[in-house]
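Those sequence lines, one after another, are chains A and B.
With the first letter of the first sequence counted as 1, position 62 gets the number 62 in this note's numbering; the numbers rise by one all the way through.
Each position in the second sequence, counted from 1, maps to that position plus 1000 in this note's numbering.
Keep in mind the hints are simulated off the structure, nothing from the lab.
Even for Gly, the Cβ is constructed at its ideal location relative to N, Cα and C.
Wrong hints could be hidden among the right ones.
As the list claims (entries may be wrong) - Okay, derived cross-link-like pairs now, BS3-like style, lysine-lysine, Cα gap no bigger than 30 Å in a straight line:
| no. | chain 1 | residue 1 | chain 2 | residue 2 |
| --- | --- | --- | --- | --- |
| 1 | A | K102 | B | K1071 |
| 2 | B | K1065 | A | K102 |
| 3 | B | K1065 | A | K5 |
| 4 | B | K1057 | A | K5 |
| 5 | B | K1057 | A | K102 |
| 6 | B | K1071 | A | K71 |
| 7 | A | K102 | B | K1018 |
| 8 | A | K68 | A | K5 |
What the hints assert, rightly or not - Listed next, the stretches of chain A that the computed footprint assigns to chain B, with coverage defined by at least 3 CB atoms under 8 Å from CB atoms of chain B:
| no. | segment |
| --- | --- |
| 9 | 41-54 |
| 10 | 103-115 |
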Amino acid sequence: DQQVKQNSPSLSVQEGRISILNCDYTNSMFDYFLWYKKYPAEGPTFLISISSIKDKNEDGRFTVFLNKSAKHLSLHIVPSQPGDSAVYFCAAIEYSGGSNYKLTFGKGTLLTVNP
Amino acid sequence: EAQVTQNPRYLITVTGKKLTVTCSQNMNHEYMSWYRQDPGLGLRQIYYSMNVEVTDKGDVPEGYKVSRKEKRNFPLILESPSPNQTSLYFCASSLWWRETQYFGPGTRLLVL
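With the rest of the complex left out, here is chain A (with noise of 0.2 Å):
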């Protein structure tokens, strides 16, 4: 049962336009929501995170809105640069008081930014 959902396995866009990259879940327990980007041959790094009492956290170039009604969360990257080409990993947690954590991890979502 795949409770973080990145339903795109990869996404092309142009530079200088937006990419929108999508991520739904099925636990309503989850209330922390992070993104990640990967490089090949790298570790993943964070990019950006929402706690599940906004609806939108911005960073730069990258925004995050999160949709609790419908479960949904979404990373705008405006504008996008051939740099950002990389998997991007939606993650949830849940977290239930003193060692009740669970981290899942979306299967990613790769993103080619042609120049």
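Chain A is already provided as a structure; the job is to place chain B on it using the hints.
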């Protein structure tokens, strides 16, 4: 330089031969975890540790052991590796579980 290091980076071994992948962080982070990345499956959490001497199972703990005897180190132990443990492994750490996780460069393991 703040970093998470893993060793070895590449390892080829045979079924049943015990191995340990080391993970060390120099940021005094409380939280550490291990993931494996497989094609079409994304990143899956194996084990995590919220503090010294505190470890818990993630989503795919079978066939793995961990220990957290000191804050900076979190080794992953495969007592009897099998071919289905061939994967790319990442260690990560963060100040606390909600904080940004810093990932190591990965260890590519092949079990024959």
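Structure-based check of each hint:
{"no.": "1", "hint": "A/K102 with B/K1071", "in the structure": "holds, 21 Å"}
{"no.": "2", "hint": "B/K1065 with A/K102", "in the structure": "holds, 18 Å"}
{"no.": "3", "hint": "B/K1065 with A/K5", "in the structure": "holds, 28 Å"}
{"no.": "4", "hint": "B/K1057 with A/K5", "in the structure": "holds, 22 Å"}
{"no.": "5", "hint": "B/K1057 with A/K102", "in the structure": "holds, 9 Å"}
{"no.": "6", "hint": "B/K1071 with A/K71", "in the structure": "violated, 36 Å"}
{"no.": "7", "hint": "A/K102 with B/K1018", "in the structure": "holds, 28 Å"}
{"no.": "8", "hint": "A/K68 with A/K5", "in the structure": "holds, 15 Å"}
{"no.": "9", "hint": "41-54", "in the structure": "holds (count 7)"}
{"no.": "10", "hint": "103-115", "in the structure": "holds (count 6)"}
The earlier numbered hint that this structure contradicts is number 6, and it is the only one.
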